[in-house]
Amino acid sequence: MNNRLLILLIAAIGSYLLALSASAAYPQLKFSVANIESPVFQTKSIEVQIGSSQSGARELIIAIEEIAVQDYVLKELRVVCRAFQWNRHEIECTNGQLIARDLFASPLPMQFVATPSHLTVDLRPSGGEHWQFSIEWDAALWHAALTVKAGKMTHLARWLPEMPDNENFPKLTGGKLHGKIKVNGDLKGVTSAGIDLSIDALAFSDAAGMHAGEDIALSVKSNIEHDARHQHWKWRGDMHWRQGAVFWQPLFFSGTDYALKMQGVFDGKTLALHDGQLALAEIGTVKFSGVADWPNAKMREFQLDAGNMALPALFDQVLKPFLADTVFAELEISGLGDFAVVMQEGVLQEVNLTLEDVNIIDRRDRFAFHRIQAHIPWQAANTTIADISLLDGHLLRIPLGSVRVPLEIKDSHLYVPQLALPVLDGVLKLEDFSAAHTDAGWRWGFGGKLTPVSMEALTEALQIQPMHGILSAYIPQVHYDGESVSVDGVLQVNVFDGSVVIHQLKLIEPMGLAPHLTADIAMRNLDLGLLTSAFSFGKVEGRVDIDVNQLELANWKPIHFDAHMFSSPGSYTRRISQAAIRNISALGGEGAVVAIQRSFLRFFEEFRYAEIGWRCALRFDVCYMGGIEPEPDSRYTLIKGGGIPAINVMGYNRDVGWQELISRLQRVTQENEPVIQ
Amino acid sequence: MVSRFYNVLIFMALALAPLAGLAEANLEINTPAIASLKQSMQSRHAQLVEHYNSGAVGLTRDGMVAVRDANAVPLAQRQAVNALVSAENQDRAALYREIARANNHPEWESKIRATFGQRWVNLARSGWWYQADGSVWKQK
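From first to last, the protein sequence lines are chains H and C. Note that the first sequence ends on residue 677 in our numbering; no numbers are left out. Note that the second sequence ends on residue 1140 in our numbering; no numbers are left out.
Treat each hint with caution, since some may be false.
Said to hold, decoys possible - Selected chain H positions facing chain C (in silico; Cβ < 7 Å):
1) A208
2) A212
3) P250
4) A514
5) K557
6) I559
7) A563
Worth flagging that the hints you see were computed from the coordinates, not collected in a lab. Backbone N, C-alpha and C fix where the C-beta goes; we use that ideal spot for every residue, glycine too.
Looking at chain H on its own, in the form it has when it is part of the complex (with noise of 0.2 Å):
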């Protein structure tokens, strides 16, 4: 049935029932109507009877078996008018109550007026709710309103769209519906449509309290039209956030004055969005437009573009949940960046990420890098070039120097040629750095070399124990595995004018909470001068080789090594000063020490010596020591005298606990300031 026979028949009902006025007081009638569709609803079922109730006065009933609104369906809708008048005009419902037990628990109060023309229904189900459902028709148009005061929200749940997994889907808890909805339409269906309301109070929630929202209060702001002679229709819509709450998981959105302005055409198949904008409150304003197909939704073409938006709001408001436990969780960005993306087909094409004058800062101080100037496209067919820099920053304190970094960028892999990154008085050179994204995660590699840094700026820089010399280092190739960083080949580092080699250098899991770090290291050629001074140990002149072999670090705290530290072999000055042997000494018990006070050795600043010799085998935190030799017995040889004057310093102590020893050659070191050479 086509909408000019439902006008006709709505007309023919309230035509009847006027026709009525003119007939006995009591009447008993009884109207049917079998079905009415039209492209908006469909009806099965209507009784329309007037008659008397059990109490004799006189009752109009009228019962729907169904209404079907696209694919709502509302069952049994019964309307029972007790006090209700008619004359040739209209027909007048003053005290009704409608039952609909899809929407209302218990039977509302209602009210309607009915002409040849008009229909107007009055709604009141509590306190000031009041609904009012009105429509108007002549020969060729109608028009249909709905205006809400106070209206609940919670009697719509019932009408939203199904979602997935609807189970667990928010539901509608609370909210105030005010405004009004407004629906034009013709002999052939709906011409316009236009909603202007107000909500205030919104709740939702799933079950798990996971995605919900409080105290929301929103506008929204929509008409469409029909254009017919583009045969589309023309659409708009607006929504003004004006408060609320909402957290979806991870998310948590707490603010004012977010709007949404969409407008486009949709002509049945296709959906078009022109100048879409969301407009976040410290944040910035994102455009973006598209086309989807109807009624899949499958979206053809999105563009989306960001400009000038303020990345510290952006951080924390959306970017921050989702770094939570990563080790960019607690940063501070300052800045303005662009965002645009581009996508066809549902696939991504393009995006652009624009970086001005950006700072960011590590809350724990651990890193910060400062003036980031960035152009980074990436496009799906093509390699392009990121143009990135720095003017400066830190690295775990290391002060990292102005860089320029052009990043190739082909699909989900990127490629730096080469980087010359000054650290302190050196540079980092790091050669054919590649990473990639795969479906386990990042996977990196780079090789490179480090230039001589000062070793007296690098540990000022660490604040941590001054040193002398420089420190330069070659790096064979360094890849990630998605879990461990190792080092194929060795590293080397220069340092103490001797030289380190690092093998089987492994670190597992080095952004978790406990990485472990394993190697083999081997130095040579020690100069045992620069070694002792940098930590106040007491003057010892010489070359020392050692060895730490099964080196194991958890937590950057050894838990296990091998250790052997013994006398360089070749032709040098080796001297010990007094002060180094009652240091040494002093790791070990005093036994020492009070041998040379008591002896005229005491006169002595200086001792010759022939070798030096330490062993530690850590386990866990149980050192077990020796000395040059490997002696069974329970003292061993730690210093062996030579020439004259010459002096043995013996060890008693075998077991000593890491953390005992630790702190023993603390105090010793800072006790010793100034040494006494």
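Keeping the supplied structure of chain H fixed, place chain C upon it in accordance with the hints.
Relative to chain H, chain C alone:
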């Protein structure tokens, strides 16, 4: 090997007993990583207790914690509780891995995790929620 596994487990459970509100035990595992994780969990425990008490957070069968009923937490605090649970689970996962590693048996991790799940429930206070068989939440 089996008996050593349970020795380690009991040792650890006793060492961590203060986290569950019991009297403090003197036993500790002395690897730096485990000590650091234990300290991190202990400092967070005070914040989690109120959510265990309210039923917002419960103990899962696999030795982790989960947001059981976010409705027990004011809306504005749910994000923080979520982050708290996430951080606790990261510590717990790292703890089980470290115990297995420290004993040179990385393959024990899943066993340690499952047995710790039961142990945490035993140590839980009355009124706290835990996941029973079939992942059904029950109140102790």
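Against the structure, the hints:
no., hint, verdict
1, A208, "holds, 6 Å"
2, A212, "holds, 6 Å"
3, P250, "holds, 6 Å"
4, A514, "holds, 4 Å"
5, K557, "holds, 4 Å"
6, I559, "holds, 6 Å"
7, A563, "violated, 18 Å"
Hint 7 from the earlier list is the only one contradicted by this structure; the remaining hints agree with it.
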